[in-house]
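**Student:** Sequential numbering of the sequence shown, starting at 7, is according to this note's numbering.
If you're looking for bench data, these hints aren't it; they were derived computationally from the structure.
Model, not experiment: these values are computed from the prediction.
The beta-carbon is built from N, C-alpha and C at its ideal position, and this holds for glycine as well.
Any given hint might turn out to be false.
What the hints assert, rightly or not - Computed list of lysine-lysine pairs in BS3-like fashion (alpha-carbon distance at most 30 Å, straight line):
id, residue 1, residue 2
1, K49, K92
2, K82, K70
3, K82, K92
4, K70, K81
5, K70, K92
6, K49, K70
To be verified - Listed next, with one range per pair, are the computed distances between beta-carbon atoms:
id, residue 1, residue 2, range
7, I106, P20, 33 to 41 Å
8, A29, I74, 17 to 25 Å
9, S60, T110, 35 to 43 Å
10, S122, G36, 17 to 25 Å
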Amino acid sequence: QVQLVESGGNLVQPGGSLRLSCAASGSISGIDTRGWYRQAPGKEREWVATITSSGSTNYANSVKGRFIISRDVAKKMVYLQMDSLKPEDTAVYYCHAYSILSYTNYWGQGTQVTVSS
């Protein structure tokens, strides 16, 4: 089992920045990709960004150029630096991990990001 815990969500004004953190614990040796998803009220959960075990990154078009995903392998942490935030970025942000050993998706409990003046 893998446990993921997010932190860093907050209320921020448009144009502002936030940094989300995701701490992993448990059987993480099989984790191949880690990333972030978000779910806005009344909408389906959508993919935001991914970082692979080799360090490759990918981003949704809606956040490309504004968000950066990074990791600290030693600390088992993944981060999402969010700049130039817009009201449409308001959502619950979920940390995600995929294990290639158990073919299992793992999710955190979510952290609320609200962009509003």
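**Student:** Starting from K82, check that the Cα of K92 is at most 30 Å away, please.
**Tutor:** Holds, because 29 Å separates the two Cα atoms, which is no more than 30 Å.
**Student:** Hey, K70 versus K81, does the alpha-carbon distance stay inside 30 Å?
**Tutor:** Cα-Cα ~26 Å, so holds.
**Student:** Are A29 and I74 spaced within 17 to 25 Å by their CB atoms?
**Tutor:** holds (18 Å)
**Student:** Regarding the pair K70 and K92, is the alpha-carbon distance no greater than 30 Å?
**Tutor:** holds (13 Å)
**Student:** Cβ-Cβ distance between S60 and T110: within 35 to 43 Å?
**Tutor:** Violated: the Cβ-Cβ distance is about 20 Å, outside 35 to 43 Å.
**Student:** Is the straight-line distance between the alpha-carbon of K82 and that of K70 30 Å or less?
**Tutor:** holds (24 Å)
**Student:** Does the Cβ pair S122, G36 satisfy 17 to 25 Å?
**Tutor:** Given a distance of about 39 Å, which is not inside 17 to 25 Å, the answer is violated.
**Student:** Do the alpha carbons of K49 and K70 lie within 30 Å of each other, as the hint requires?
**Tutor:** The hint holds at about 20 Å.
**Student:** Could you say whether the range 33 to 41 Å given as a hint is met by the Cβ separation of I106 and P20?
**Tutor:** With Cβ atoms ~39 Å apart, the hint holds.
**Student:** Against the 30 Å threshold, does the CA-CA distance of K49 and K92 hold or violate the hint?
**Tutor:** Given that 30 Å is the threshold and the Cα spacing comes to 17 Å, the pair holds.
Of the numbered hints listed earlier, those contradicted by the structure are 9, 10.
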